[in-house]
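Take these sequences, add in the hints, and give me the full structure.
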Amino acid sequence: MKKINIIPAIDIQNGQCVRLVQGDYSDCTIYHSKPVEVARAFEEAGLERLHLVDLDGAKSGSIQNLAVLKDICQNTSLKVDFSGGVKSEKDLVNALEGGASYVGIGSLAIQQPALVKEWLHKYGGDKIIVSADVWGDKIAIMGWTEQTNETIYQFIDYYIDDLQYVISTDISKDGMLNGPSLNLYRNLKEKYKQLHLIASGGVSRLEDLDELEKIGVSEVIVGKAIYEKRITLNQLKSWINR
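Quick note, our numbering runs 8 ahead of the 1-based positions in the sequence shown.
Calculated from the structure, these hints are not laboratory results.
Just so it is clear, CB atoms sit at the ideal spot from N, CA and C, and this is done for glycine as well.
Certain hints may be false.
Computed list of lysine-lysine pairs in BS3-like fashion (alpha-carbon distance at most 25 Å, straight line) [said to hold, decoys possible]:
| no. | residue 1 | residue 2 |
| --- | --- | --- |
| 1 | 87 | 125 |
| 2 | 197 | 135 |
| 3 | 201 | 222 |
| 4 | 130 | 78 |
| 5 | 87 | 130 |
| 6 | 181 | 11 |
| 7 | 95 | 125 |
| 8 | 87 | 11 |
| 9 | 135 | 125 |
| 10 | 67 | 98 |
| 11 | 125 | 197 |
Simulated restraints on C-beta separations [to be verified]:
| no. | residue 1 | residue 2 | range |
| --- | --- | --- | --- |
| 12 | 236 | 125 | 37 to 45 Å |
| 13 | 130 | 236 | 38 to 46 Å |
| 14 | 33 | 75 | 16 to 24 Å |
This is the structure:
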């Protein structure tokens, strides 16, 4: 069985490390004023990846926290996937030049699919991660404030020839610490066996990581569980090295 990769999350609002509950900007907890220090702690624990989300960018439609990305990339060796507000090719290039190893595209992949497909051809499926965030099985966009009529399967089918990575968040699970959406990921892995599936939302204990690994999920994003100390960095380190 292939080992799953753990990707810790840092969500940025006003330059600070925060967490939202189910994407609700009014339900926000500030965890740290210096995201780079949080990133360094992840690196010291033996983690190699980072999921960095520009919440201000997701809301405004253009990158707002590029300085945070640059700070983390210049001061750690973490491979960062950056998302939030990437709506133009200029923003995509700025994120890559700012040090991101991968750039996540969310709402735009629904709103302008031909453009995103063009970017996948131009920059490669190894650089662009498409986000498929769902309520039920329907895609939600615009910082999860708008639900579409497109299912996650229709969405992935459109991009499947060009994709390598998909992040899928079950929004009903995000920040709730009540377990990941195992059925969603099981169904996705059965249908798209070659896809690198990145699970997000709901992880609250090490056993959740075991379950996702059994399904064959490639990578899992862990956020609130770390900040609320449901899973400590020492526990993650031991789990990774087991």
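Name the hints, by number, that the structure is in violation of. When the structure is compared with the hints, none of them turns out to be violated.
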